[in-house]
Amino acid sequence: MPVETKAQSKHRLEHVEMRQIVKRFPGVLANSKVDFDVRAGEVHALLGENGAGKSTLMRQLYGLYKPDEGEIIIDGNPVVFHSPADAIRAGIGMIHQHFMLVPTLTVAENVILGLTSKHEPILDLDTVSQKILELSRSYGLKVDPAAFVWQLSVGEQQRVEIIKALYRGASLIILDEPTAVLTPQEVTDLFATLKHMVKEGHALVFISHKLHEVMEISDRVTVLRDGQVIGTRPAKEMTRNDLVKMMVGREMKQIAPQPIRSGPVRLKIENLHTMGDRGTEMLRGINLDIHGGEIVGLAGVSGNGQRELAECLSGLRKVTAGRIELDQMDITSLPLKNRVESGLSYIPEERMRDGAIREFSVQENLFLQDHASPQFTRGIFLDFPRMEAFASKMIREFTVKTPSLDTPVKNLSGGNIQKLIMARELARHPKVLIAAQPTRGVDIGATEYIHERLLMQRDAGTAILLISEDLDEIRTLSDRIAIIYEGNIIGIVDRNEATVEQIGLMMAGISMEEAVHHSA
Amino acid sequence: MNQVFTLGAIVGILTSAIRLATPYLYAGIGEAFAQSSGVVNLGVDGIMLISAFSAFYVVLNTGNLWLGLLTAILVGLVMGLLMSLISVTLKAEQGISGIGLHMFGLGLSSLLFNVLVGTVKTITGFPSIKIPLLGDIPIVGEIFFNHSILVYGAFLLVPVAWWILDKTSWGLRIKSVGQNPAAADSLGVSVDRTRYISVCIGAMLAGVAGASLSISLLDLFQDNLTAGMGFIAVALVYFGGWKPLGIMGGALLFSTVNAFQLWMQVLGVNIPSDVAVMLPYLLTIAALAVTVNRARQPAALNKPFERGES
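Taken in order, these protein sequences are the chains called A and B. With this note's numbering applied, the first sequence closes on residue 520, and no number is skipped along the way. With this note's numbering applied, the second sequence closes on residue 830, and no number is skipped along the way.
Please note: incorrect hints may appear among the correct ones.
The list that follows gives simulated cross-link-like pairs (lysine to any residue, SDA-like), each with its CA atoms no further than 25 Å apart [as the list claims (entries may be wrong)]:
#  : chain 1 : residue 1 : chain 2 : residue 2
1  : A       : LYS431    : A       : ALA508
2  : A       : LYS431    : A       : LYS410
3  : B       : LYS763    : A       : ASP37
4  : A       : LYS236    : A       : ASP37
5  : A       : LYS236    : A       : ARG39
6  : A       : LYS268    : A       : THR320
7  : B       : LYS687    : A       : TRP150
8  : B       : LYS763    : A       : ASP277
9  : B       : LYS687    : A       : ALA85
10 : A       : LYS118    : B       : TRP683
11 : A       : LYS142    : A       : ALA508
12 : A       : LYS118    : B       : TRP690
13 : B       : LYS611    : A       : ASP330
14 : B       : LYS823    : B       : LEU676
15 : A       : LYS66     : B       : VAL531
16 : B       : LYS611    : B       : LEU562
17 : B       : LYS823    : A       : ASP330
18 : B       : LYS687    : A       : MET352
19 : B       : LYS687    : A       : ASP126
20 : A       : LYS131    : B       : ASP794
21 : A       : LYS245    : A       : ASP330
22 : A       : LYS268    : A       : ASP330
23 : A       : LYS410    : B       : PRO824
24 : A       : LYS410    : A       : GLN97
25 : A       : LYS318    : A       : LYS410
26 : A       : LYS131    : A       : LEU13
27 : B       : LYS823    : A       : GLU350
28 : B       : LYS611    : A       : ASN411
Just so you have them, the derived chain B footprint on chain A, three or more residues with Cβ under 8 Å [claimed, not checked]:
#  : segment
29 : 100 to 114
30 : 119 to 125
No lab work stands behind these hints: they were computed from the structure. All values derive from a computational prediction rather than experimental measurement. Quick reminder that beta carbons are idealized off the backbone N, C-alpha and C, glycines included.
This is chain A alone, in the form it adopts within the complex (with noise of 0.2 Å):
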């Protein structure tokens, strides 16, 4: 018989599980008869492909979904959490992918929300900072409790969220993807307190997808594929081959890039500015030339300009100053109808948003650009029939899966979406390719393909930009890497001459030289 839970916390938590938990969406089984547990004192990495059910489990355990079926049992006692708040009082914390906090609102603010203060109603922000302050001593989390979140960078906002679970007195914390945003030297700062924190005898959930570091911070690994739990083992005796293939369920493919090679430079970047958003300069005078045959990844922790600089060169955004050069043609201010004639291809960064539109169909979607192509009208009228075989060729090409070409694109998986933004924009053989994330969030089956197919364009001439924050994709598919930091490229290294490290730092906006010298 479940109790529910009470104001019980404050006490640690020994041990939690979760046994023969199921739980359905409409037309998914995202959890199918899973068992996990975690215990005082280690950190169990939960790892899987997207879509393999890890955030949903751990949104059941932080009482945001109920489960259809099975138990969650604290310390021999069975509990039903009805919504976070039960999940809080129990002493559960979960820092989520996407954080969640106001940016309004200051750091204390954000800290002492849906709490009660000792002067209710009065918010009493200089105790919460007070507290705030021993805290973020003694875990090394340094905040500054009068910021505004807005203003913070995102591994600082991270801290923010996990004083915030500290604050609750949370005992278990789970983490979602929680390097997904950050550079190499903020990981390593993370990971030394989420070690600190196990030493205290807090218990950590820690969902990833990346392997080095699921091996690196782990006592326990659990894998999920396809909502089913393919084991539980000590980190230790696993390899990182082991784990692929319990993920994937088969053995991958080594991606080899070939040696550096390139033609004339096809786009050519000069002094270029613009602005953003919020009316600063986030572009503050780029250089980059990009040969034929070669792909130049840009690394840099967002919100550094990436957004912004695919903009410019795609046609989205004004350049204030600068010149931007494809094939030796000044397309600055070209439209962007004209760049896609003159050989221009973007995959962007927000693909539901950008790059593709929800409620039209999979071949309406591959015809967002040509549709007036001689190609494929007849006078005034679409041909039909030309679009239609043209798209089933697209389809059957790049692997895309769809019940049909009439399937609204927003029924489609995030890999075939992606699939599919790349199907248009490399059918018309672009002379320049601006890729943008192109893997971010899609499964590994799909984000092996599209590193071959960019590979592919790469060995037929094009010149591809890369923007990516996976740094690991970065190095395995770039010649070169540039790197920038506050609207500038900070510097330009070969993918064989620097070492993460080296990069980490460079994005961090130490200047190439100060890096070389501070690793060797």
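Model the placement of chain B on the given structure of chain A, informed by the hints.
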């Protein structure tokens, strides 16, 4: 034209400006609560109309002003619950449900007025109260310290609303569900409950706004008494950047121009009255166009919340 600028005229204009700001203050600050929590209530005008009629009718029959005011607040509450049900629980499009609420208020108040009262009648509303000492200061006393209790209440509401929104746990919760409901939800703040309460506070204040017209400023009721005041109040919230003090600034600007054009008409200044009446509205549009600060707008304004969408 010169007689508009005599001392007496200026004092008269400013005194009416203070009085005329009253309904905008109640309705605008009420709307600021609703919008801070993420709900645009366009039905303010309709709520004002029904409440104005209810207050008037109760006073007409009982002579009890406080009972009239209480009725207006309760009617506002009922309308607020209706708006919350439609836009928070049923997650309907807020703009449309607000317009529906306005039409409902407009129609029902006219119907009830025509059936229950029939012709325009006046009542004795809240009397002016001269504040001791302060009221005796020449000019200043006349402009600021000789008004009815509802006028004082409207200006007192400004610091009270500021204090609630910026200095209390309640205000923090209201702002958080308007800015990032998913974050509030993840900390155990009930988004729906907070929005219900905010919308209802707003609607009850719209009720007071309506009553301030019918039982304090004008002491009568007629068809469409508000003539769109509720919509101006919504605009003032944007103008004021969702801050009570800013809303007060907007309300005073609007009411001053309005008082000015009324005086011009009274004094027979030779411009067509339709143009004069239009002035404050033109001003509102112009002011809105240049002042709106999108950065302060609640990020989740107009967006129903459903858990699990990210």
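Evaluated hints:
no., hint, in the structure
1, A:LYS431 / A:ALA508, "violated (32 Å)"
2, A:LYS431 / A:LYS410, "violated (30 Å)"
3, B:LYS763 / A:ASP37, "violated (48 Å)"
4, A:LYS236 / A:ASP37, "holds (18 Å)"
5, A:LYS236 / A:ARG39, "holds (17 Å)"
6, A:LYS268 / A:THR320, "holds (17 Å)"
7, B:LYS687 / A:TRP150, "holds (20 Å)"
8, B:LYS763 / A:ASP277, "holds (24 Å)"
9, B:LYS687 / A:ALA85, "holds (23 Å)"
10, A:LYS118 / B:TRP683, "holds (17 Å)"
11, A:LYS142 / A:ALA508, "holds (16 Å)"
12, A:LYS118 / B:TRP690, "holds (14 Å)"
13, B:LYS611 / A:ASP330, "violated (50 Å)"
14, B:LYS823 / B:LEU676, "violated (31 Å)"
15, A:LYS66 / B:VAL531, "violated (65 Å)"
16, B:LYS611 / B:LEU562, "holds (15 Å)"
17, B:LYS823 / A:ASP330, "violated (43 Å)"
18, B:LYS687 / A:MET352, "violated (39 Å)"
19, B:LYS687 / A:ASP126, "holds (12 Å)"
20, A:LYS131 / B:ASP794, "violated (62 Å)"
21, A:LYS245 / A:ASP330, "violated (49 Å)"
22, A:LYS268 / A:ASP330, "holds (9 Å)"
23, A:LYS410 / B:PRO824, "holds (20 Å)"
24, A:LYS410 / A:GLN97, "holds (22 Å)"
25, A:LYS318 / A:LYS410, "violated (30 Å)"
26, A:LYS131 / A:LEU13, "holds (22 Å)"
27, B:LYS823 / A:GLU350, "holds (20 Å)"
28, B:LYS611 / A:ASN411, "holds (23 Å)"
29, 100 to 114, "holds (count 11)"
30, 119 to 125, "holds (count 4)"
Violation of the numbered hints given earlier is confined to hints 1, 2, 3, 13, 14, 15, 17, 18, 20, 21, 25; the remaining hints are satisfied by the structure.
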